[in-house]
Amino acid sequence: MKYEAVIGLEIHVQVKTRTKMFTAAPYEYGAAPNTLTDAVVLGLPGTLPVLNHAAIEKCAKLGLMLGCEIAEVCKWDRKNYFYPDSPKNYQLTQNEQPLCIGGKVEIELPGPSRNVEGEHRWVTLNRIHLEEDPGKLTHEAFETVIDFNRAGVPLAEIVTEPDMSSSTEAVAFLNALRNLIVYAGISDCDMEKGQMRCDANVSLRPVGSEKLGTRTEMKNLNSISNVKAAIEYEIERQTEILEEGGSIVQETRRWDVESGTSFSLRSKEEAHDYRYFPDPDLMPVQMDRARVAELEAELPERPLDKQRRYQQELDLPFTITSVLCVNRELSEFFEEALKTHNAPKQIANYITNDLLRELSAASEHGDSALDVSQSKLTPAHIGTLAKIIDEGVISKQIGKEVFTAMFLTGQMPDAIVEEKGLKQSNDTGEIEALCREAIAGNAKAVGQYKDGNEKALNALKGPVMKATKGKANPAMLDQLLKKLIDEG
Amino acid sequence: MSELYFKTITELSAMLAAGETTSVEITQAVIDRTAAVDGQVKAFLSTDNDDALAQAKASDERRAAGNALGPLDGIPIGIKDTLAVKDQPLRCASKMLENYVSPFDATCIVKLREAGAVIWGRLNMDEFAMGSSTENSAYQTTANPWDLETIPGGSSGGSAAAMAVGEAIATLGTDTGGSIRQPAALCGVVGMKPTYGLISRYGLVAFASSLDQVGPFARTVEDAALLMEAMLGKDDLDSTSIAPQGETNYAEALKEKKGPWKLGVPREFFGEGIDPEVKANIEKAIDWYKSQGSEIVDISLPHSELAVPVYYIVATAEASSNLARFDGVRYSHRSEESKDALTLFTKSRGEGFGDEVKRRIILGTYVLSSGYYDAYYLRAQKVRRLILGDFENAFEQCDAILTPTSPTPAFKRGERSDDPLAMYLSDVYTISVNLAGLPAISVPSGFTESGLPIGLQVIGKAFGEADMFAVAHSFEQAHDYHKQTPAL
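Chains A and B supply the protein sequences, listed in that same order.
No gaps in the numbering here: position 131 of the first sequence is 131 in our numbering, and each next residue is one more.
Going from the second sequence to our numbering is simple: count from 1 and add 1000.
Simulated from the structure, these hints should not be mistaken for lab results.
Some hints could be false.
So the derived label-pair ranges between C-beta atoms look like this [as the list claims (entries may be wrong)]:
#, chain 1, residue 1, chain 2, residue 2, range
1, A, Val73, B, Leu1488, 53 to 59 Å
2, B, Asn1249, A, Arg289, 35 to 41 Å
3, B, Asn1249, A, Val73, 31 to 37 Å
4, A, Glu96, B, Ala1014, 51 to 57 Å
5, B, Arg1330, A, Glu4, 45 to 51 Å
6, B, Glu1252, A, Val73, 53 to 59 Å
7, B, Asp1298, A, Glu96, 37 to 43 Å
8, B, Lys1339, A, Gly246, 32 to 38 Å
9, A, Pro300, B, Asp1087, 49 to 55 Å
10, B, Lys1412, A, Val249, 56 to 62 Å
We put the CB at the ideal spot given by N, CA and C, even for glycine.
Next up, chain A with everything else stripped away, as it sits in the complex (with noise of 0.2 Å):
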């Protein structure tokens, strides 16, 4: 029997606010443990949870991005479980009514080769529900430490539906909602910072049945590269049971990095059961509609709309879409720079070859590239570099030289061009007469471009470049040079 895999996935995403989700404690990566807490944070006695306002809009406007419909009232559950890294060892969660419903999440598959787009399809979203991220617990030789600088951060949940069924589909769906969310600035979703997070769950069932087999859950996926690993692993270590007659048991397991298996951490008997129940401290929460269309109103352009946006309306291929749409900053860059020059192709590419190379070379630690922000360049230096090669004040090939300096110095390249005298040479006369001799010393390279082979052309054309430092116009140097040719 043949089966195909159905696949769901749980991200946990840290929501970026100033303070915590029900306290003014503030919360940072990186800070010295527990020094980003207070009385509520670790549950001390008497302490009384109050919500962080930032946190419901900003998971509304998550919501929204995901075409959620967003609840009229969303409440407070408590899921009592015991364990060290949970002060009060309940979490405040939304079980019955979460803050988003439904949703669904455009995806972009591989295409057949890394130059061509691959197909799209919609995942659908089950929920997203607000919750507080407990503290994190790091077992040392003799003993367990816990930091509660983490505790209370305000995590939003993505349920999909079981809507996936392969581990490609998974990892496009994973960067999907990661560009999604970083789009709408409410997560940086660094999965090694823990600010995303992701549960797998798995089952198997013969192709072409309607019925959900037994699933599995998978804990501990903290990058695509592991949630990857772990579907894969896990749909032929269900496949192999299947097909030695046996069945799937209803369990949750673990992932192990180490050795790239899984082991089951609990079967469905030793599930928690968590005792939900609404929680007393906390009062229901009535979405304001028309603040919900103002968030609405606010969102950003979903970036794999820009990038069909791009290819429809500027033409641009998928090639630099792709490149320039992952990236908010880097398409709002690009936007800017057309309003200096609207050249969308020559602007595209000075931005993802140029820029993004200079980008990736100037980062010291060589590991990741550094923010378009980072950077000395403005959209106006680019959108001017385009301008003037168009208008002919400079050469394409002087201009990667000019590039190269504005990216070291911010001067405008205008001013770059004057102080180093690259502007492009015009003077007929002078070219003229280099390119007379370029005829001269090269019979060879004459004999060929009139046997019909044009390219032959580029080998008078170097020593004029040459001389000139560059400065010849191209064109104008192309169109004399065949002029003489054909004349002598």
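Assemble chain B onto chain A, guided by the hints.
Same frame as chain A, now just chain B:
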């Protein structure tokens, strides 16, 4: 009754204003009285004489500088061990918090300090406010000053006994199912529980969050009114606190509000289980109101017989979750036998909690468990709404409701210790008031033949404290029960 420690807040504040006494003198009188009688009464778990005298001195200096703050300035007020006072022990009469000292003040304490009150001592109680006799304290059994062989009621038994015997000018308690009113009745003092939300719960160690309220014990209704005025108000640290509605100058309003009233008497509260002496006493009080021109309305609270079972589902469910934070990890009792996370939890909790607390945690855990939630917790919440509906119907016909506070006078120590159900029935007349979130006050209404105090309960409409106080005040002022003191 010329001793300072038996005077009312009103009397003492007049004496202070006239320069006839000082806060230091009053505080010293209370300290000396405590030293003299607390060996027999055992109302206090701890006292801090130096701290109290320092506050008193500050009050006197304030007054000398012409900056006296109001009627509570310089008045020593004893505090139940479940309310957080900065740098004082906060043990909730439990071994679980034996070494815990609160790093902050409860909001009601902050407000009393702002009114100039002297915060004085830690008063005994049933462990975590669970009980009706103060016998569940892990530290000591408080005696009823009227008969040292009997219990003072509970859970705020220390607060009531200290009041009765002059160890404080007023005290604070908390009332979840009758924990202020029942001990007030049994000790012959005034005890009052406000409308749910009127006083912030921040700094009150939660037992059952949707029922817990802070309230005063006082020698007179007027004193209780003054304390309420100082403590009420919406608090940013408690989402369930509410801005007061209607008349809140309670003490002043007593001069205007003289009746007559329409007073409801629920026939269900005079049936089975009521002590004949108590019944006769309350009927006499009702007759007095009638004689003063008030109309007595026969009302029905048909669901009141369900109040006790509903209470023991709702309160224990919330308690099982609220008390989960006491786990030995951060600040509560940690078992020396713990070997891992699980035994740290189980051993620490096993050693730290007393029997009644364990009984309620187990009951609460059970009613919230999957499969039982609908049958118990959800159904109890529905009945709770019916109980509230009963009161709403009743208040269409009357301004306030008169009932006994407790079905019996103080009982002998140990008499109900082995019979939790009999103990739970001590609160049969007070519990429905908490379930409905209404205000109620117990005012001394006489004595049994053996000299034990009896209390009359006046239940008000939601935010109807002003009328409730006035009804109680008129009875009190026409009798001298509140002026009687035990022979200690």
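So, going through the hints one by one against the coordinates:
1. Taken as a hint, the range 53 to 59 Å holds for the pair Val73 (chain A) and Leu1488 (chain B), whose Cβ atoms sit roughly 55 Å apart.
2. Hint check: Asn1249 (chain B) to Arg289 (chain A), Cβ distance near 39 Å, so the stated range 35 to 41 Å holds.
3. Take Asn1249 (chain B) and Val73 (chain A): their Cβ atoms lie about 36 Å apart, and the range 31 to 37 Å holds.
4. In this structure the hint that Glu96 (chain A) and Ala1014 (chain B) lie 51 to 57 Å apart at CB holds, the actual value being about 55 Å.
5. Hint check: Arg1330 (chain B) to Glu4 (chain A), Cβ distance near 48 Å, so the stated range 45 to 51 Å holds.
6. The supplied range of 53 to 59 Å is broken by Glu1252 (chain B) and Val73 (chain A), whose beta-carbon atoms lie about 40 Å from each other.
7. The hinted range of 37 to 43 Å is satisfied by Asp1298 (chain B) and Glu96 (chain A), whose Cβ atoms lie roughly 41 Å apart.
8. Take Lys1339 (chain B) and Gly246 (chain A): their Cβ atoms lie about 36 Å apart, and the range 32 to 38 Å holds.
9. About 51 Å separates the C-beta atoms of Pro300 (chain A) and Asp1087 (chain B), a value consistent with the hinted range of 49 to 55 Å.
10. For the pair Lys1412 (chain B) and Val249 (chain A), the supplied restraint of 56 to 62 Å holds, since their beta-carbon distance comes to about 58 Å.
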